[in-house]
Every structure is written in C-alpha cells, then in structure tokens.
Amino acid sequence: MSPPPRLACRDAPVIHFDNVTKVYTNQNRPALDHVSVDVDKGEFVFLVGPSGSGKSTFLRLVLKEERPNSGAIHVAGKDLSRLSNFKVPHLRRRIGCVFQDFRLLPNKNVYENVAFALEVIGKPRRFIRKVVPEVIELVGLEGKAHRMPDELSGGEQQRVAMARAFVNRPMILLADEPTGNIDPATSIGIMKVLDRINRTGTTVLMATHDAAIVDSMRKRVVELEDGKIVRDQSRGVYGQAY
Amino acid sequence: MRANFIFSEVWIGLRRNLTMTIAVIVTVAVGMALLGIGLMINSQVSSMTSYWTDKVELSVFLCKKDDVFPSCKNKPPLTDEQKAALKQTIGGMPEVERVDFEDQAQAYKNFQAQQGNSLLLSVVQPDDLPESFRVKLKDPNNATAVTESITGQAGVSNIVNQREILDTYFGFLGKLRNMALGVAILMVFAATLLIGNTVRLSAYNRRRETGIMRLVGASNIYIQLPFVMEGVIAGLIGGVFAAVLLIVTKILLFEGIQTYMAIPLGWNTVAGVITFTMAVGVVICVLASFVTLRRYLRV
Chain A
0 MSPPPRLACR DAPVIHFDNV TKVYTNQNRP ALDHVSVDVD KGEFVFLVGP SGSGKSTFLR
60 LVLKEERPNS GAIHVAGKDL SRLSNFKVPH LRRRIGCVFQ DFRLLPNKNV YENVAFALEV
120 IGKPRRFIRK VVPEVIELVG LEGKAHRMPD ELSGGEQQRV AMARAFVNRP MILLADEPTG
180 NIDPATSIGI MKVLDRINRT GTTVLMATHD AAIVDSMRKR VVELEDGKIV RDQSRGVYGQ
240 AY
Chain B
0 MRANFIFSEV WIGLRRNLTM TIAVIVTVAV GMALLGIGLM INSQVSSMTS YWTDKVELSV
60 FLCKKDDVFP SCKNKPPLTD EQKAALKQTI GGMPEVERVD FEDQAQAYKN FQAQQGNSLL
120 LSVVQPDDLP ESFRVKLKDP NNATAVTESI TGQAGVSNIV NQREILDTYF GFLGKLRNMA
180 LGVAILMVFA ATLLIGNTVR LSAYNRRRET GIMRLVGASN IYIQLPFVME GVIAGLIGGV
240 FAAVLLIVTK ILLFEGIQTY MAIPLGWNTV AGVITFTMAV GVVICVLASF VTLRRYLRV
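From first to last, the protein sequence lines stand for chains A and B.
Just so we're aligned, residue 0 is where the first sequence starts under numbering that gives the first Met the number 0, counting upward by one.
Just so we're aligned, residue 0 is where the second sequence starts under numbering that gives the first Met the number 0, counting upward by one.
Treat the hints with care, since some could be wrong.
[Unchecked claim] Short, incomplete list of chain B residues facing chain A, as computed with Cβ under 8 Å:
1. P139
2. E147
3. R206
4. I211
5. A217
[Unchecked claim] Here are the computed distance ranges between Cβ atoms for each label pair:
6. B:I5 / A:D78: 26 to 36 Å
7. B:I5 / A:E150: 42 to 52 Å
8. A:D149 / B:L175: 22 to 32 Å
9. B:G181 / A:Q26: 25 to 35 Å
10. B:R293 / A:R230: 20 to 30 Å
11. B:A2 / A:H89: 13 to 23 Å
12. B:T167 / A:N84: 57 to 67 Å
13. B:A2 / A:N84: 30 to 40 Å
14. B:V290 / A:P132: 40 to 50 Å
15. B:A270 / A:D78: 50 to 60 Å
16. B:A270 / A:D149: 50 to 60 Å
Worth flagging that the hints you see were computed from the coordinates, not collected in a lab.
As the structure is a computational prediction, the values presented were derived from the model and not from experiment.
Ideal Cβ placement from N, Cα and C applies to all residues, glycine included.
The shape of chain B in the complex, shown without the other chains (with noise of 0.2 Å):
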C-alpha cells in the first residue's frame, strides 16, 4: 500500500468537492458539538444528583407567631415541650434516620449565607424566619408516607422537599440535554446524507480513474480507501471544530453556571466528551462513505 499515491488521490478529491467538503465540516462540527454538549450536561446532571442525593432533607417549617398559612390560623406557637414532643414522633417514624432542630437564629444565619447582600436580607428580621425541623430520611424516595403523617399535626406550617426543588432544577437540565441530543441527532442524519452526497460526487469525478483501476487489477481497498480516507479527513476537522466548540462551552456556559453547582465540570470529563464525539464522528463518516460506495462504485 502505497500511503502518498492514497493521499495525493484524497486531495485532489477533497480540494474539486470543496463546497461539500466545507458543506461535511460544518455539519460535523455542529452537530458533534451539540452530541458532546448533550453529554457534558448529561455528565453534570447525574454526578449532582448522586452528590445531592444523601443530602437533601424534608423542611418541616414551625408555625411562628401570626402566622398566615391556613394550618397556623389562630393558633398560639407551639411551646417548647410540644416541640420536643414532635421531635420525637417524626423520629419515632421507620423511613427517619436523623431529626434536627433549626431555630430561628440558625435559620437567619443560613439565610444570611444564601443571600449573600442583597436587599432582601436588610429587610428580613431573625423573627420572621420560621422555626423548622431538618428531618433527614433514610431513602429520600420514601418522602411521601412521611409528609403525610406530618402533615396533620398541631403546629406544622408546611413541609418542603428539597428533593422536589432539585427534580425542577434537573428537569430543566434534564429537557436541554434532550433537545441538544435531538439536534445532535438530526445534525448527524444531514451530515451522514451530505457525505453520501460528497462520496457519489467524488465518484462521478473519478470514474475515469476508477474505471482503469478496476480494469488493471487495483485491489478494492485500493480503490475504496482514498474515498473513505476523504471522509474520515473531513470528519476529523469536522470534530477539531467541535472539540473547539465543547471548549467554550466548558469555559462559557459551565464555568459561568460553576457557583450553583456541587460539583464543577471537570476538563476530563470534557476530554473525554470530545473523544467520544470525535470517535462517532468518523465512523459515521466511515460507515456512510461505504454503504455510498456500494452503491456508486461497483468494484
């Protein structure tokens, strides 16, 4: 095999479907990009989940004085026994593993933490924090059966699963990861026409070339690799492109979202997102140069 004759043929081939050729490349690139986005986020979505996980608890907001919701109305705060008394029911239950008291100075503390400076804290009082139990369940899937039975009783205002805060969060990831792979997909349908399209042309132009191949005995990798060879060069700068692409993602979008995220997106993770796109890239190449080969150059 004679590696320069093949790469001067995939030049020459490349360089008279130039339009295609670009056509090819762009169509790679975005459509790998979006494939490599679709995963990053993916990635993202599942290592917080794990991470969130064994740590979201059940909120069960106290009534406080004067307190507006429904359950509250008219009714005096609990006092300090009834609270212990409460403590111990909602430890008392099977799916509980922990039960901890927040008391409103607590509550400021941590909602000073959240807010950080903005205006909202320089209005709110230590006092208008409710009082709340942080009930830490042993499977977070078995939120139900517990809510139920706290529900009903004397002095509950309400109850927040955090889980459902972050299943919100998720899903919202969770549908843009969707609608990048959906992309992805019909991105990948159109590249894989346009190489046929590309390989059919490269074929036309050459059939002089392969006409004599054929007839003086050229082996049909022989005949069929500067074909496939075009199509894999341009699936590879096709995936450069998208690899590029991934990177600004990464620095752009993932580092900007970092400060709401557990965990930060790691550079392997990227690396090893544009690997994979780059690996799908070329053999889709590969596999629509061949199955267009079968059809436009009998060997």
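Bound conformation, chain A alone (with noise of 0.2 Å):
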C-alpha cells in the first residue's frame, strides 16, 4: 500500500520568494535582484551579508512593507501581491518583529509594553493576564514585569522586545540585527531566547553582521550581496572562505 499523499499545505514553506525583484525609486541599481528562496516551517535561518545587500528589504517584504516589482513572495501561505491592505495587520500578526534599536514604548513598563501588543489587536483582557507573564518568563525576565525601559540593560531591553513579538505566537519572527547594540557576551543571551522560540515551532529570520554568532549556532546561512542571493548552506558560518 502506498503512503497517505502528505497535505499540500505541510509542505508549503512559510517564506517563498520567486524571482523577486525591488527597485527603489530614484535609484538604480535593484536592492533586491531575481531573488528566489524557500524558508520551511520551523527553519532558523541567517540573512547575511554587507549593508546595502538587501537583507533589510528582504524583511520590509515579508512584512508587506514595500512592493516588489517583479516576482511572486507567498508569506504563511498568502501571495502577498493578492493580500489586500485591509488584511495586511491579519498576515502581521502572524509575524514578530525585533530591531536593533529594541523599540520599547519608554513610559510604559515591560509588562505593559508587552500587553500592548495584544490590547492593540484587541485581544481579551483574561487572555493577555494569562499569557504575558508566561512570555515574560520565556525571555527569561520573570520578577522584573514592572521595570520601566531605561531602567533594564540593553539585552533585558530586547528580551523585552523579544516578548513583544512573540506574545501572539507568531508563525514567524523576523530579527533585524538584534544583537547590533549588545556586547558579545549579553547576544549570547539573547541567541539563546531566538533559539529557545525557534524551538516551539517558531520559523526564525535573523539579519545580522555578527560573525561569531552565526559561526556559533550553525544554522541555515543565506547570504547576500548587492542584492543577490550568493550562498545558500545549511549549517553554514557566516565567512565564504572558512
């Protein structure tokens, strides 16, 4: 007896891009050139290369941010180019987001800053008193919910951040350079909580210039350069030439 045909949407990656390509206006060179990739269901994947490759544009098009103008982009199965404005906060709720440069509301406490992420998509107020603290927690910031921002160090600031994006259970979390503004011993931490979402089903997208963090978690490496995809390895490091 043959197997059971496996579901089409098991197999359906959750970031598809075809032949994409983006051109700013007033500029010429493409940001992004004939980019194709497939990041499956629960992959960790580094997004690196120089700035200027097109790892920022990479994330603003997942996002919905910007327009490609050419090519086709499928996010949590979605074509995007069919996805109407009116349902683009739907397909972002199903992505978290964490920068560089953390994006904390700074009169408002950890707690609050993470319950707003889901006051703000009107969630009930019984569900956010259940599973902020859970979050919280999984950041590894339990006891410090009612800290102000500037009152944390810059790692516990994007733990913060970290909990923000991924109190709604994202299918995806996307990581602009998250460990930009941290020492190397404190990134660490803050891999481990990514690693520690990765590992709940959670598809990861991290841009980043930190060598010694990619070489460390070896994981899925796609790197860019002036807007072409130029190496795509698995349990890759972030050097071409090692």
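Take the two lone chains, each set in its own frame, and fit them into one complex as the hints suggest.
Below, the structure is given as structure tokens:
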C-alpha cells in the first residue's frame, strides 16, 4: 500500500520568494535582484551580507511594507500580491518583529509593553493577563515585569522586545540585527532566547552582521550581496572562505 | 474593540496637545455659533416673509386740505363722490383683491396704536393725517402696474408700498445673515486647518506607538480611531460652547427685538439649529482628521 499523500499545506514553505526584484524609486541598482528562496516551517535562517546588500529590504517585503517590482512572494500561505491592504494587519499578526533599537514604549513598563501588542489587536484582558507573564518568563525576565525600559540593560530591553514579538505566538519571527546594540556576552543570552522561540516551532529569520554568532549557531545561512543570493548553506558559517 | 484602550489614548493625546486642542475648541465654537446665528436669522426672515407677504398693502394717500405734496398743489381735496369713483376705479383693476377706505379718525387711531405715548403723538392732530385707500393685491409681487395707473389720478398725494419698507428691513437682516455665514465659513476653514495640524502633531507624538501597532498587526481602524476621536471630542466640546452662545444670542438678541417681529423665533428652531451646527462641527472634525491621517500616518 502506498503511503498516504502528504498534505500540501504541510509542505508549503512559510516564506517563498520567486524571482523577486525590488528597485526603489530614484535608484538604478535593484535592492533585490531576482531573488528566489524558500524558508520552511520551523527553520532558523541567518540572513547575512554587507550593509546595503538587501537584507532589510528582504524583511520589509515579508511584512508587505514594500511591494516587489516583479516576482511572487508567499508568506504563511498567502500570496502577498493578492493580499488586500485591508488584510495586511492580519498577516502581520502572524509575524513577530525584533529590531536593533528595541522600539519599546518608554512610558510603559515591561508588562505593559508586552501587553500593548495584544491590546491593540483587541485580545480580551483575561487572555492578556494569562499569556504575558508566561512570555516574560520565557525570555528570562521573571520578576522584572514592573520595571520601566530605562531601568533595564540593553540585553534586557531586547528580551522585552522579543517577548512582545512572540506573545501572540507568531508563525514567523523576523529579527533585524537584534544583537547590533548589545555586547557579545549578552548577545549569547539573546540568541538562546531566539533558539528557545525557534524550538516552539516558530520560523526565525535573522538578519545580522555578527560573524561570531552565526558561526556558533551552525544554522542555515543565506548570504546576500548587491541584492543577489550568493550563498545558501544549511549549517553554514558567516564568512565564505572558511 | 476595547473602548477603554481607545479612550485612554484619546485622553493622552488631547492632554499632550492642550494648547492646540483649546485652539480647535475655540475656533469650532465661534464658527459653529456664527453658522447657527446665520441659520437663526434665516429662519426668522423666511417665517416673517411668509407671514407678511399676504398682509402687505398699498397705501394710496389722498390729498388733504392745503397739502404740500406737488401732486396736490392748489387742488381742493376730493369730494365724497370723487372718492367713491376713485375707489371704484381701483377696485375694478384685475390685480386688486380689495380696497378699504381709511378716514382721518381711523388713521389717527392706528397712529396712536403705533406710536404709544411718544412726543410726536402729542403734536399730531387727526386733521394732520391724510385719508387713504388700503389696497390689497392678489399677488403682492405685481404692485408696479397698479401703482403706475393710480399715480396719475387726481387727488392722490402719494402711494406707499408696504412691501418696500419690509424689503429694506429684510435686506438688512439678509446682510447680517450673509456676514455671519461668511465669517462662519472662514472659521470653519480655520478650524479644518487647526484640526489637521493637531492631528499631525498628535501623530508625530505617538509615532512610536503607531509604529508598533502597525508592526504587531493592529487594524487600521484601531490605529486611526484615537486620532479621529480626538477631533470628534474637541469638535463636540466646541459644539457645546457654540450651543451656549446660540442660547445666549436667542435670549439677548432675538427676544430683545421680538416685539418688532410678528413671529418670535421658537425654541424648537434654536434646538434644531444647535443640533445641526453640532453635527456640522463633528463632521468637519472627522473629515479633517481622516484627510490628515492619510498623509501623516501611513498604514
């Protein structure tokens, strides 16, 4: 007896770029040049490359903050070119985001910062009270829920940002140089949290310059240069020559 | 949708831009009050016009003894037969509905009623007042033909179309109304710009929050509603002040001149005007907020 056919949705990549080109207006050189890449559910992918190589553009395209000039993008099973503006917020609820500059609200404490992400998508208060402490614990900030952001170290602030990105259990977590403002020792802690999030089944896509981190994690590495993919290695390292 | 979240955001926004909010409230209040006053004058004029239109008459004054009117110079007053003949002539015109004769005694009575106890009354004797025909027209707009044909008649001193007196008065009210509406339009324009600016400041102040809201997938209405609500609340407060101004206007101005108006301005008209101006104020605020948000809050 032949094995039952696997469900198509299980096979479908979480992020699918097909021949995507993005040229910003007033620029001759494309930011992304015929990029095709698939990221599967639960993968951990480093996006590396020098500044201006197209890493941020890639992330912005996933969020539909930008539209490609040509090519097709599918995220979480949705064809972004067919996704109406009205439905973009629903796409973004399935994607968590972490940035180099944390982007916390300075007048809200840790708990409120994390809860804010749920409040503004209209989650009931009972649900918020239940899940926010769980996520604060997951990122290792238990006991600091009532601190204000300026009372925390950079690493701790980034943990708050990760808690906020993950609190709605997104399918994908995008991290744009999350360790860019953090010293190497603290960065290891951040990477452990990202790894923990990845282990829950969330796909993590992290743009970074940090060679030491990429080398130590031994995850899939996609390298961009001048908007083109020049390398796509599973269990890769930062530099090509090693 | 969580109402308390929206309202706390609105409250923070209004408090942060307190001076701008006050400016919006004042402009909306003054603009809406002027709009309301214009509407109140308008309703007064139109109700009075329809009231007076079927009451206005032509007054055809007859020469009295030694009259100084040029048309009466050196002519004796009409005899009773001549008056009857003239009445017949006027009554026979197709435009005329009715003709009544007012003798000097009747004229003096009416004069007394008009003047009350004024100084003029004490020096005027019944003999000083002219006799007249009160001519009621079928259509008050066709006065000219009748006037022209009566003017030449012997013994007629002059003709007064009451409508012309009313027209001067209504013309004055009309100008007042146009002025009020003109200033109201300017104020509405200023209010629109101010609201736009307030929303822009507010959007700038809250760019962190809105940026995060966008990222975590808050729907557009959730992001925009606090800004629009700020406009609405400022507009409503302005509308309340405008309502107070309109009520004061009604009590001080319209009740003061009510004695001269056959139909006083009713409170239900005032209530209607207040409701309308408030609605206009809120709609303007909402539109101004939305238009500004489109420009400054990319979603």
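Quiz item: Where does the structure disagree with the numbered hints, that is, which hint numbers, in rising order?
Solution: Numbers 1, 2, 3, 7, 8, 9, 10 and 13, in rising order.
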